[in-house]
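Chains H and U supply the protein sequences, listed in that same order. At position 200 of the first sequence the residue is numbered 200 (the working numbering), and the sequence of numbers has no breaks. At position 330 of the second sequence the residue is numbered 330 (the working numbering), and the sequence of numbers has no breaks.
Hints should not be assumed to be uniformly reliable.
If several chains are the same, the list does not tell them apart, and a pair holds so long as it fits within one copy or across any two.
With a straight-line Cα cutoff of 16 Å, these simulated EDC-like cross-link-like pairs (lysine to aspartate or glutamate) come out [what the hints assert, rightly or not]:
| hint | residue 1 | residue 2 |
| --- | --- | --- |
| 1 | Lys-262 | Glu-173 |
| 2 | Lys-119 | Asp-155 |
| 3 | Lys-243 | Glu-142 |
| 4 | Lys-262 | Glu-142 |
| 5 | Lys-229 | Glu-286 |
| 6 | Lys-262 | Glu-176 |
| 7 | Lys-243 | Asp-18 |
| 8 | Lys-31 | Asp-306 |
| 9 | Lys-229 | Asp-322 |
| 10 | Lys-60 | Glu-142 |
| 11 | Lys-60 | Glu-146 |
Derived by calculation from the structure, the hints in this document are not laboratory data. Bear in mind that the values here come from a model prediction, so they are computed numbers and not experimental data.
2 protein chains.
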Amino acid sequence: MTNSVKADAPSPVRLHLDGEALLSNYKALSKASGAATTGAAVKANGYGVGAREVVSRLSKAGCRDFFVAHWSEAVAIADVVPADQISVLNGVGEADMPLALSLGARPMLNSPTQVVRWKQAGGGRCHVMIDSGINRLGIGPEQLGEDLLDGLDIDVLASHLASADEDVAQNGEQLEAFRQAAAGVSGERLSFANSAGIMLGRDYHFDLTRPGLSLYGGIARPEMTSIIKQVVFPQAQVLQIRKMPAGSPIGYNATYRCEAAKRVATVSLGYADGYLRGFSNSGTVEFQETAMPVIGRVSMDLVTLDADNAENLREGDWITIDYNLREASQISGLSPYELLTGLNSRFDRFWI
Amino acid sequence: MTNSVKADAPSPVRLHLDGEALLSNYKALSKASGAATTGAAVKANGYGVGAREVVSRLSKAGCRDFFVAHWSEAVAIADVVPADQISVLNGVGEADMPLALSLGARPMLNSPTQVVRWKQAGGGRCHVMIDSGINRLGIGPEQLGEDLLDGLDIDVLASHLASADEDVAQNGEQLEAFRQAAAGVSGERLSFANSAGIMLGRDYHFDLTRPGLSLYGGIARPEMTSIIKQVVFPQAQVLQIRKMPAGSPIGYNATYRCEAAKRVATVSLGYADGYLRGFSNSGTVEFQETAMPVIGRVSMDLVTLDADNAENLREGDWITIDYNLREASQISGLSPYELLTGLNSRFDRFWI
Numbered sequence: 001m002t003n004s005v006k007a008d009a010p011s012p013v014r015l016h017l018d019g020e021a022l023l024s025n026y027k028a029l030s031k032a033s034g035a036a037t038t039g040a041a042v043k044a045n046g047y048g049v050g051a052r053e054v055v056s057r058l059s060k061a062g063c064r065d066f067f068v069a070h071w072s073e074a075v076a077i078a079d080v081v082p083a084d085q086i087s088v089l090n091g092v093g094e095a096d097m098p099l100a101l102s103l104g105a106r107p108m109l110n111s112p113t114q115v116v117r118w119k120q121a122g123g124g125r126c127h128v129m130i131d132s133g134i135n136r137l138g139i140g141p142e143q144l145g146e147d148l149l150d151g152l153d154i155d156v157l158a159s160h161l162a163s164a165d166e167d168v169a170q171n172g173e174q175l176e177a178f179r180q181a182a183a184g185v186s187g188e189r190l191s192f193a194n195s196a197g198i199m200l201g202r203d204y205h206f207d208l209t210r211p212g213l214s215l216y217g218g219i220a221r222p223e224m225t226s227i228i229k230q231v232v233f234p235q236a237q238v239l240q241i242r243k244m245p246a247g248s249p250i251g252y253n254a255t256y257r258c259e260a261a262k263r264v265a266t267v268s269l270g271y272a273d274g275y276l277r278g279f280s281n282s283g284t285v286e287f288q289e290t291a292m293p294v295i296g297r298v299s300m301d302l303v304t305l306d307a308d309n310a311e312n313l314r315e316g317d318w319i320t321i322d323y324n325l326r327e328a329s330q331i332s333g334l335s336p337y338e339l340l341t342g343l344n345s346r347f348d349r350f351w352i
Numbered sequence: 001m002t003n004s005v006k007a008d009a010p011s012p013v014r015l016h017l018d019g020e021a022l023l024s025n026y027k028a029l030s031k032a033s034g035a036a037t038t039g040a041a042v043k044a045n046g047y048g049v050g051a052r053e054v055v056s057r058l059s060k061a062g063c064r065d066f067f068v069a070h071w072s073e074a075v076a077i078a079d080v081v082p083a084d085q086i087s088v089l090n091g092v093g094e095a096d097m098p099l100a101l102s103l104g105a106r107p108m109l110n111s112p113t114q115v116v117r118w119k120q121a122g123g124g125r126c127h128v129m130i131d132s133g134i135n136r137l138g139i140g141p142e143q144l145g146e147d148l149l150d151g152l153d154i155d156v157l158a159s160h161l162a163s164a165d166e167d168v169a170q171n172g173e174q175l176e177a178f179r180q181a182a183a184g185v186s187g188e189r190l191s192f193a194n195s196a197g198i199m200l201g202r203d204y205h206f207d208l209t210r211p212g213l214s215l216y217g218g219i220a221r222p223e224m225t226s227i228i229k230q231v232v233f234p235q236a237q238v239l240q241i242r243k244m245p246a247g248s249p250i251g252y253n254a255t256y257r258c259e260a261a262k263r264v265a266t267v268s269l270g271y272a273d274g275y276l277r278g279f280s281n282s283g284t285v286e287f288q289e290t291a292m293p294v295i296g297r298v299s300m301d302l303v304t305l306d307a308d309n310a311e312n313l314r315e316g317d318w319i320t321i322d323y324n325l326r327e328a329s330q331i332s333g334l335s336p337y338e339l340l341t342g343l344n345s346r347f348d349r350f351w352i
């Protein structure tokens, strides 16, 4: 029953990842962070980019604080950097404790329950998340009784902004709430700003900033447009090219019909790769600087292109998907975040 | 630098998978397929359900034809069933040939180029896809010259329906085109119908049907509502419960505001798990038969719930996401297909 496999299975989808753009973005965010040091959110496999390689590259650039969501994500990078440089944002549940105590990554304690759990286990150095108004995860200022945090050895006292991508009163309100809460807590470092928060100015920087999206090319606020570069370039291989006669419907439910005879290329890419149906009849790709529109509905593993203008295109060629996050977001209806984290394990990842 | 990890990292998200529902769906689709035998599309990791376990279970139920998209997906199940029961729908590119020849899974040849490649390599038994009008992938009837397929040892001669979920003329046109094309080709078996196509009746069944979506609980046509059962039940763990005062904004960009004081539960689930932002302020979950609405925007790794009615809910409890595919599709704006294939490797998978 077991078949002996003697050869690799090359993937027909790959991500070209621009290592210089990643470093440039990190440096730009560091500069914008002023006197604060700059960490990196690498949860969700480094926003889909590949956490291990991102951590390795940013570590060489001087980054010493890496933020993941789950303990499994901490394990995945724990041989790349010292574990005490890794913070687990979702904190520590009962089932996580054996791993948390043995691994040495630091939990971001998010609730009185987590604080008590960590204290009772003698967990050692940790971080604490104060909820200053996103009202999602963290210890509310009203929960900070006189002694809740006593006895904790707190490295980072953090909070998280809800609306840093907007110019709204909530930002200032959260800043004030964080300052007040922090005044009563003895943490070594204070951390508040995500990517967008960095651009809100010096008051928001404190000791440590924690960009995520913008490291990977996302424009979290308009001011960043000139300093943030695209990192992720998805590519896919052409499976078939065929000349279709005028009038031909294309793809599921015939959502496109060829007005004239048309050269149609079918590529190995689909929503199972994270290229969702929102790109149907609206996405574009490039081959040797020739643009090709997606025609018809995106299938699970296939996309069809209008290849009339790409005369040199042949079966087996690789096309590059237009994936400027802002434009792709407008086209697809997905957020830049979803566009990144949806790029899954089917993709081979190549750093250029 | 290397950290010794002595404990597992339990995942805070898991899929409960109903093995009886999967078998029941397979049997229902087999019955609806009449005299035809019934295969199974297991591409994209078994539509997110987990290809290895799906193949193992359907194999025990008598299924002998499994369809994947990529060669890597064939490798992933090649120790579960004999390789000659595995068909690779995207065919065989130049780079796939070493693996294709050693593995023994059968390519679905989709273009004259692929046909020539397979012939020249002496690849042996294969399948051939005729494009009868989806105009996406396959050999067009106009490309079937007198001798293109001569010398091929064809097991399955297949075609694929574009609009079987609709009652449109295209279905009959494709049927006629497939019949005409098949009349001139010597394949051992003919295969035409996907999940929806099975319900179009006996004319569409031929020798082998290839359901996908409906195996996993998708209602491909309204006639299936009474025979197809839900297979996939995503669950996530509660990280924190907190009483929020009246007026509190919840989550990113304050898209929800508590009218009165409210008990809010935050669970470890987000769009990085495949639960996309379309569920913001609209999805629902269950705990001990109490429904809880999603409030606020879905984050990368977190979702907030109105837990006012779930008095027994505690941190560490598991909630079940309402994931009836038809309803979840209407709520989220995603197709049932995307709802399944988006469930990624962060989930542990448990069969019940």
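Now the hints, each set against the structure:
no. : hint               : in the structure
1   : Lys-262 to Glu-173 : neither (57 Å within a copy, 21 Å between copies)
2   : Lys-119 to Asp-155 : within (15 Å within a copy, 65 Å between copies)
3   : Lys-243 to Glu-142 : between (68 Å within a copy, 10 Å between copies)
4   : Lys-262 to Glu-142 : between (65 Å within a copy, 15 Å between copies)
5   : Lys-229 to Glu-286 : neither (18 Å within a copy, 42 Å between copies)
6   : Lys-262 to Glu-176 : neither (61 Å within a copy, 23 Å between copies)
7   : Lys-243 to Asp-18  : neither (35 Å within a copy, 45 Å between copies)
8   : Lys-31 to Asp-306  : neither (43 Å within a copy, 40 Å between copies)
9   : Lys-229 to Asp-322 : within (14 Å within a copy, 39 Å between copies)
10  : Lys-60 to Glu-142  : neither (40 Å within a copy, 57 Å between copies)
11  : Lys-60 to Glu-146  : neither (41 Å within a copy, 62 Å between copies)
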